[in-house]
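Residue numbers (this note's numbering): 4 to 167.
FYI, nobody ran anything at the bench for these hints, they're computed from the structure.
The hints are all genuine.
Derived DEER-like restraints, expressed as beta-carbon distance ranges: (1) Val79 to Val32: 24 to 30 angstroms; (2) Pro44 to Gln102: 28 to 34 angstroms; (3) Gly95 to Leu9: 17 to 23 angstroms; (4) Asp35 to Asp78: 31 to 37 angstroms; (5) Trp122 to Asp78: 25 to 31 angstroms.
Keep in mind that this is a model prediction, so the values were computed, not measured.
Quick reminder that beta carbons are idealized off the backbone N, C-alpha and C, glycines included.
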Amino acid sequence: MTKVRLCRDDERATILAIINAAAEAYRGVIPDDCWHEPYMPREELEREIDAGIQFWGFESDGALIGVMGIQPVRDVDLIRHAYVLPASQRRGVGAALLQHLRGLSSRRMLIGTWAAAEWAVDFYRRHGFELVSPERKTELLKAYWTVPDRQIETSVVLANPPLA
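Work out the full structure: start from the sequences and follow the hints.
Here it is as structure tokens:
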């Protein structure tokens, strides 16, 4: 049986394990100076949750196999840290999570991801998100995210509905 549900506080280690397992796909793809081991340390996950990210999970037969966060920031909702265990990818898990989170929001949604992660960009585009211009990307990343300048340089932002 499968379902999308809110992650519990006692599942933080599982959330972290899913993120770090799936983020291995970035190794050798994103700039070397942006990769670190582990990709997300426990302290960073705690800071992200404290900053208002609410994690939702995709559960299959009682086990979380995918996670995706939503974070309200001023007038938009950000999709954050969307990851599926490698063995469960390309089975609709990410699509189910994204569809669920979109159903929770009536506001514009923004997604930031690595420009080199073409599979992620393609996924969001297939689900109705559109790339914003490079100029607007920088403006949005500085306004809505707290990320280093190097990450801003090497990322893209997608929006739904599209920005004018």
